[in-house]
Amino acid sequence: MIQFSKIKKIYLTGSQALKALDDVSLEIKKGEFVSIMGPSGSGKSTIMNIIGCLDTPSEGEYVLDKENVSGLTFDQLAAIRNGKIGFVFQNFNLLPYATAWENIELPMLFNGKRAKKRKERITELFEAVGLYDWRDHKPSELSGGQQQRVALARALANDPPIILADEPTGNLDSQSGIEIMELLSGLWKEGHTIVMVTHDESIATYSERTIQLFDGKINI
Amino acid sequence: MRLTLVRFFLSEFRKRRKKVALITFALFWGTMSILLLLAFGQGLSTQFRVSFSGLGQNLIMIRGGQTSKTYQGLPKGRRIRLYPPDISYLQERIPEIQIIAPESYNNMPVSANGKEINRMVHGTTADFAKMRSQIPQIGGRFFNPDDVKFGRKVAFIGWNVARDLFGDANPLGKRIFIQRVPFIVIGVLQKKLQDSMYNGPDAEQIYLPFSAFSQIDSQYHIDRIHIQPLSVQHSSLIEERICTLLGNKYRFDNTDRYAVYIWNTIENSKEGMAIFKGIEIFLGIIGVLTLLIGAVGVTNLMYAIVKERTQEIGIKMALGAKRRTIVTQFFLETLFIFAKGTFWGFISAFNLVNLVRLIPMNYDNFGIESYLLRPVFSLQIFIVYLIIVGTLVFLSGIFPALRASKMNPIESLRYE
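So the protein lines, in turn, are chains A and B. First residue of the first sequence: 1, per this note's numbering; consecutive thereafter. First residue of the second sequence: 1, per this note's numbering; consecutive thereafter.
You can take every hint at face value.
Derived contacts from chain B toward chain A, CB cut-off under 7 Å, selection only: (1) Thr4; (2) Phe8; (3) Lys15; (4) Ala318; (5) Leu319; (6) Gly320; (7) Ala321; (8) Lys322; (9) Arg323; (10) Pro409.
Hints in this document: simulated from the structure, not taken from any laboratory. Ideal Cβ positions, reconstructed from N, Cα and C, are used throughout, including at glycine.
Let the hints inform the model, and build the full structure from the sequences given.
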């Protein structure tokens, strides 16, 4: 599903070149649940951004779902993000002015799904995360756990094969964190490929495999 | 762009539009200024045309003068006078003349109703009315070719003459005495604006058939010849031909501008129209500048909004928004902001113009108000305005929108 071959990412800060990723090669198979761990500055975020097509590698090849995404334009990448990848962020990243319903609807607006289909899908997702009664509330009126569940529902809106979770429990209390992890595990069991960044060992135990990053390289 | 997305952006805009009140006012003010300036500018032009045509429509007038150059051994300073046969002389030789009429006048005592006044009395033919905007009030008429042919004692009078002699009573069919000769009033001039004149405004004049005038006046020469060309393009040509023909007949140098005076109102009005067009454009530019201040405000606001929503932009990009989706959103937002301000500006300007137009016009005291009180709100102004606003919306919206769409999604997501 996800194939990195000799990916390098170099950031230029002033006159200095910073190697965020150095010759990273990895493969994540369809249906795997992988967590990526490592200290700050080890390149966790960079690897997530590249997997999520938010960033492009400086060198190397990235094949996502049999498609080489290295040379694609911004709009082509946007279409991939929209259809193949669902993002779950540490700080939820919900639109503050929009209701829970509208937040979940947004990815479907970007690919032009019909109103009736959208309504069906949103209702289904609300029921899956158990927040149907909260559909007309804004993010500021929801608890952290509820917000993350809305965010998870939004990530699933277009039924993407891959879920990218960046510290999904980082801003949550332990109870809410467990609920989120259970939802993610459930999705994995349904066949989604899940890639999660965390530095919490106990959270990482939910995954099948852990990739350790250190100074932009994979520690095996 | 998909309609649902537009609806979504609109609802987003509604939820956070608090900041735009001041800018809305600036746009309202700018729109009102630009529309009012254009309307008053066009009003000026229109009123100029109307009042200029108070004298006549496409009129060339000839009057006798005095030679200022020697010619074929003749001295300068000779008096040149026009005579009735000159009418047919010119008409036969200049085919571009559509109508031609003589006019003679003299100051005469006029009495009726026990009142006596002195007024300028004119003799002319029926065609004169067409050229000099002599439109009768309801119930009356100007004299016709038969009146002229048979020398009928009928008179067409200005509305001030009517008022001075008859007060509020209807003068039609009444008798007035000119040089103690009785005439029947057959028409009173309808009120009109007139900014160009000789011997005072037409409101003060009395017109008689040329033949009848000749019976009470001893003058043989005629004071003026009025000509209307077939088409306005011919006016300069006709002017030249008149000089040559009269020069041949009365033996003066056809380049002598003082031998006969020619008043070419067509050329005059062209100049006048150019001046007023200039004023109109100038006023329009001032209006555009006023609205430009509002537009600059909108650009500023949009940059601030884009910055404030950096994180939202990042979220939308992560969820699969394309660049043009982001451009569309901020562009639409600019449009919404403009729409409100300009809508109310438009309504206000429209109503103000119509209100001003309700102020009645004073036809006797011809002053500045007759130019200012008739603003015009035309389709032309509306189209010009739409083009200006469209350009401003585009210019003030496109740069902030492009900046938003070019943001880096990762940095935007991290922005707090």
